[in-house]
Amino acid sequence: MDIINDMVVRFANVNGTGSASANNMFAKTIFRMGIPVSPKNIFPSNIQGLPTWYEVRINKDGYLGRRTGIDLLVGVNPQSLKKDIASVKSGGYFVYDSTRKLHAEFIREDINYIGIPMMKLSMEHYQVPRLQQLFKNIIYVGALVALLDIEMKVIKNIVDEQFAKKPKLIPNNYKALDLGYDFAKANYECPLKYRLERMDGVGDSILIEGNEATGLGAIYGGATVMAWYPITPSTSVAKGFETHCKKLRVDADGRKNYAFVQAEDELAAMGMVIGATWNGSRAFTATSGPGVSLMSEFIGLAYFAEIPVTLVNVQRGGPSTGMPTRTQQPDIISTIYASHGDTKHISLFPSTPTECFEMMADCLDLADRFQTPVMMISDLDLGMNSHMCPPLKWDDTRKYDRGKVYDAEDLERIKEFGRYLDVDDDGICYRTIPGTHPTKGSFFTRGTSRDEYAKYTEDGDTYVRVVNRLLKKWETAKSYVPIPEVTEAKEKTDMGIIFFGTTRYSALEAMDLFEKEGIYLDALRIKAVPFNQTVEDFINSHEQIFVIEQNRDGQMRSVLMNELDADPKKLTAILNYDGMPITAATIMERIGQHLPALV
Amino acid sequence: MTYIKPTFRHPGLKKNKVGYVRADYEGAISTLCAGCGHDSISGAIVQACFEMSVEPHRLAKLSGIGCSSKTPTYFLSNSHGFNSVHGRMPSVTTGANMANRDLIYLGVSGDGDTASIGMGQFVHAVRRNLNMAYIVMNNGCYGLTKGQDSATTDFGSISKSSGLNDSFQAIDLVGMALELGATFVGRSFSGDKDQLVPMIKAAMSHPGFAFIDCISPCVTFNNNKGSTKSYQFVRDHQEATSTIDFVPHEEEITVDYEAGTSTSVALHDGSKIHLDKLSPNWDPTDRYSAVMRLQEAKLTGDILTGLLYIDPKSRGLHDLMKTSKRPLNSLQEEDLCPGSAALEGINAGFR
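Line order of the protein sequences matches chains A and B.
Using this note's numbering, the first residue of the first sequence is number 1, and each one after it goes up by one.
Using this note's numbering, the first residue of the second sequence is number 1, and each one after it goes up by one.
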C-alpha cells in the first residue's frame, strides 16, 4: 500500500559542499505542494568537511515534531555511510551515488537501494569542479522529484525565484534536476511506495526560522540598538535584524534608524544594551548559554538599578561549550535566575516563529514597563530551523508601552522626584531619561544599594524596602505576561502534562496518540515566568503531572517547585537531552513507565 | 570636615552664557581622602563645564568601579550619572551614545578599571572612535581595596602597601592609545589645573574618542618617597609638550603667540586648541612624532604631559555607522514600526 504524505527523508552530506540550498529547495517544494513539512538541520560546529544531516518530516496531519525512523535517506557522505545505512527503517530506501559501486559490507537485505550516478552525471555535463560538486546536489533532488512524485513545475519555479537576479544560472539548475529525474525514471519504478500528493494542508502558513522572526519582532517592537557577539545558535537573530533593518529602517538620505553594534564580547554587548535603554532607546541582545554566563554581572546591575533589558537566549547543549550545534533547554535556571544576589527575571518561552515575532515585541514592552531584564528563551531547534507556522501579524493600532517615564512637563508638575519611589504602589517607579530637564529629574544610577531618591545607603531597613519592592514588581508582572495555553483532553482526567518551547510539537502529538490508546492527559504550555494563576490552578487540579523538558535536571520542574511551592511528588520529570529535538515516541515511552499497566 | 554643602548662592555670582553659576556644576561632598588628586580633577571638570557653558542636563557622566569611579557623584549633580560595573563603563557609554548622539559623554575611570579589568572595553571604545571624553584618574594603585599595585605601577616604584615593584613593567595607557589609533590623546596631572582644564574642554569638543590619562596621586597609599605617582615626583619630572589654551568658537583669540613655537588646531565646531611653547620635533597632528616624543621622554625619565596627539579630521562612531542625525531615542512608532502592510510582503517571501 502506498504511503502518501507521511514520511521522514534524511540527507547525509559533507558540510561546506552546497547541499543546504538543494535540501532547502526540496523542503520548500513540498511546502508549496500544500503538504505540512518540518525540516531540521543537524550540523557540526565546523565550516567544511564534517558530516551534516538535513532531516525532513512530512506529515499530512500536521505533526511537525521530530520523528525517528528514516523512510528514505539520501547518503552522499562516505564518512558516515555505514551509520547512515544503518539508520534507515526496515523496508525503507537508501539513495546513494552509484558512480562508485557500493561495497558488499554496506548491503542490508531489509532495505531498498537506489543508485543514481550523481557525480558521473555531473562530470559529464559540467566542466568546473566546483559546479560539479554543487550540481551533484541538485541531481539527487531531481531524482527525488521522480521517486517521490514531486511536482517538477513547483521546484523549477523555486529555482526561477532563487536565481531571479542571476538568470544565467537557471538553465544549469534545470538541467541538473532533469538529469536526476530522467535517470530515476529510466532505471527505477517511480514513484516509490512513499510518495507525495498535493494537498491543502498549509493554508496561509509561512515557512521561517525562529531567529529571523525574532529579528523582525525586534524591528516591529521598536528596538533601535542591537548589541551582540557572535555565538551559535543566536547569530542569525542579529543577521535577521540587520538584513530587515536595511530594508525597513533606512531613511531616504541613507541614514539608519538603528544602531547595529557587534561588540567585543558578550559583557560589552550587555553593557551597550543597558547604556542604550538607560538613555531611552529600546535595545536588545541575542546570545546563547555561555553568553548569558558572561552577561550575568551586568544582568544583576540592570535588575537592581532597574534598567530595561531584552535578552534573547537561543539555547544550545551545555554545560560549557557543550554541544554548540545541538538543541536543548538547559538554561532555564541560569537565565531566569541570572546573576548574583537575589535576582529573578521575567522570561518568555516561544514555541513557534510566529511567537518569536510576537513575544519579541512583547519583551520590549515588558522591559520598559517593568524596568528590568526580560528574557526570551528560545532554542536551537526553533531558532535555526524553518518551521511551518501562522503568518506574522501586526496590529497597526498597537502602541508601544514605554512604561513609566517622566518627561519635562511631568517633572514641572510633580512635587518631588524620587527615582525609586513606589508612587503607584505596584512596585514600578518612574524614571527619567538623561537630557530631559535642565534642573529636575537627574539622578545617579548605581549598582550599589540606594534609597528611594537614588542616594547611596548601607541602611538595612532601606535595603530591605528596596528589594521587597522588586518582589512586588514581580507580583505585578504576573498579570502582564502571556497566559499559558491549556489544551484539555477529550475526557476528564486527573493527569496532565506541562511543557514549553519547542517541546510543544511532540508533546501535543503524544497527547493525541495517547488519546487513541484511551489515555487522557490535559496539557499546559508555559509561556512565561513569573507563573500566573492558570499555572497554579492547573497543578492544583491534577493528581499527577508530567513536566516534559529537554535538559537533564528537570529545570522547569525545579522552577515550578521554587516559585509555586508545588509538591515535588506530583511533578514527574520527562526528559530528553541527547541534543536532538524530543520526539512523541520518547515522551510516550517515558510517560508510559509511570502509568499503571493498561488492562 | 564638612558634611553638608550650603545651598545659598550669592546673587552677584558670575553666570555663564547659559545662565548657570559655577556652583551649579558642583556635586555632593566628596568622601575621598583629604588631598586626593581625584578631587582636583573633579574641580577641573566643574571649571571646564562652567567655562564652556555646558548645560548640565546635556551631559551624561559615567564611570566604572573604584575611587575614581565614585567621583561623578562629586560633580555635575544636575547631570544624569551612571556608576556601572568594574571595567565596563566604555560599553555602557557606547550604548548610551548610540541612543542619543546629542549629549556630551564624560567617562571617568581609574587605572585598575581601565588598564586591568576593563582593558578590553577600553581598547574597543578607542577602536570605534566613540564620541566621548575618557578620563583615567591614574594613581598607580587600587585605592579602594587598600593600595595594591595596579597595571600602571611603574617598575621600580615603591608604594606603601605593596612595597617595591621589582617584577612588572607598567602599561602606558597613553602609548597604547596612540598605537590603537586614538584620535585625541593627552596626559595631565591633577596638580596642574592650567593644563588640565583646557584639555578637558578640548576633549569634550572633540568628535571622537578623546583620552586623557591624568596622573592623580593617592595620598593614602601611594604618595610616599620612592613612588613615581607622588605629588613630589610628578612635579619634579613633569615635562609638557606645550602649554594649551582652548578657545570656544565664538571667542576671539586675544593673546599673541610667538610665531614658530605655537600652533592652532581647529575643531569641527569652530573652536580652537591653541598650543604654545611647542616641544622640538613634535607636531600635535602627527601621530608618529607623538610616539617618538613619548619614547624620548621615557628614556630621559620624564613624565610627558600635555596634548600629545589630535586628529582634526576625526569622525565619531555615529558618522562611521551612518546613523540618523536624529537621536535614536527620539524616534517614535511611525519612524520605527513598518506596519502590517509591509509585513504582508514579508510573509509572502516565506511562502
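You may find that some hints are simply not true.
Claimed, not checked - Simulated pairs of lysine-lysine, BS3-like, Cα-Cα distance not exceeding 27 angstroms: (1) B:K146 <-> A:K455; (2) B:K313 <-> A:K455; (3) A:K440 <-> B:K225; (4) A:K440 <-> B:K146; (5) A:K399 <-> B:K225; (6) B:K14 <-> A:K239; (7) A:K256 <-> B:K5; (8) B:K15 <-> A:K239; (9) A:K247 <-> B:K325; (10) A:K455 <-> A:K60; (11) B:K325 <-> A:K246; (12) A:K256 <-> B:K272; (13) B:K298 <-> A:K246; (14) A:K247 <-> B:K160; (15) B:K325 <-> B:K277; (16) B:K15 <-> A:K256; (17) B:K322 <-> A:K440; (18) B:K5 <-> A:K440; (19) A:K415 <-> B:K5.
Claimed, not checked - Across the chosen pairs, the derived CB separations fall in these ranges: (20) B:E296 <-> A:R255: 41 to 47 angstroms; (21) B:L299 <-> A:R255: 55 to 61 angstroms; (22) B:D102 <-> A:L421: 26 to 32 angstroms; (23) A:G254 <-> B:T285: 57 to 63 angstroms; (24) B:A341 <-> A:V486: 30 to 36 angstroms; (25) A:L421 <-> B:S53: 31 to 37 angstroms; (26) B:K322 <-> A:P230: 18 to 24 angstroms; (27) B:K322 <-> A:A186: 35 to 41 angstroms; (28) A:I483 <-> B:E334: 27 to 33 angstroms; (29) B:N224 <-> A:R255: 40 to 46 angstroms; (30) B:K277 <-> A:S449: 46 to 52 angstroms; (31) A:S449 <-> B:F8: 48 to 54 angstroms.
Don't read these hints as lab results, they were simulated from the structure.
Bear in mind that the values here come from a model prediction, so they are computed numbers and not experimental data.
Glycine included, each C-beta is placed from N, C-alpha and C at the ideal position.
Checked hints:
1. B:K146 <-> A:K455: holds, 24 angstroms
2. B:K313 <-> A:K455: violated, 41 angstroms
3. A:K440 <-> B:K225: violated, 47 angstroms
4. A:K440 <-> B:K146: At roughly 37 angstroms apart (the allowed maximum being 27 angstroms), B:K146 and A:K440 break the hint.
5. A:K399 <-> B:K225: violated, 65 angstroms
6. B:K14 <-> A:K239: Cα-Cα ~54 angstroms, so violated.
7. A:K256 <-> B:K5: violated, 46 angstroms
8. B:K15 <-> A:K239: Violated. B:K15 to A:K239 sits at ~51 angstroms, over the 27 angstroms cutoff.
9. A:K247 <-> B:K325: holds, 19 angstroms
10. A:K455 <-> A:K60: Answer violated: A:K455 to A:K60 is near 63 angstroms, above 27 angstroms.
11. B:K325 <-> A:K246: holds, 17 angstroms
12. A:K256 <-> B:K272: Judged against 27 angstroms, a Cα distance of about 31 angstroms means the pair is violated.
13. B:K298 <-> A:K246: violated, 49 angstroms
14. A:K247 <-> B:K160: Violated, at roughly 61 angstroms.
15. B:K325 <-> B:K277: Not OK: B:K325 and B:K277 at ~39 angstroms, beyond 27 angstroms, violated.
16. B:K15 <-> A:K256: violated, 40 angstroms
17. B:K322 <-> A:K440: violated, 33 angstroms
18. B:K5 <-> A:K440: With Cα atoms ~19 angstroms apart, B:K5 and A:K440 stay inside 27 angstroms; holds.
19. A:K415 <-> B:K5: holds, 23 angstroms
20. B:E296 <-> A:R255: 41 to 47 angstroms: holds, 45 angstroms
21. B:L299 <-> A:R255: 55 to 61 angstroms: Check failed, 48 angstroms falls outside 55 to 61 angstroms.
22. B:D102 <-> A:L421: 26 to 32 angstroms: holds, 28 angstroms
23. A:G254 <-> B:T285: 57 to 63 angstroms: violated, 30 angstroms
24. B:A341 <-> A:V486: 30 to 36 angstroms: holds, 34 angstroms
25. A:L421 <-> B:S53: 31 to 37 angstroms: About 33 angstroms separates the Cβ atoms of A:L421 and B:S53, which means 31 to 37 angstroms holds.
26. B:K322 <-> A:P230: 18 to 24 angstroms: holds, 22 angstroms
27. B:K322 <-> A:A186: 35 to 41 angstroms: violated, 57 angstroms
28. A:I483 <-> B:E334: 27 to 33 angstroms: holds, 30 angstroms
29. B:N224 <-> A:R255: 40 to 46 angstroms: violated, 55 angstroms
30. B:K277 <-> A:S449: 46 to 52 angstroms: Holds, at about 50 angstroms.
31. A:S449 <-> B:F8: 48 to 54 angstroms: For B:F8 against A:S449, whose Cβ atoms are near 31 angstroms apart, the range 48 to 54 angstroms is violated.
Against the hints set out earlier in the document, violations occur for numbers 2, 3, 4, 5, 6, 7, 8, 10, 12, 13, 14, 15, 16, 17, 21, 23, 27, 29, 31.
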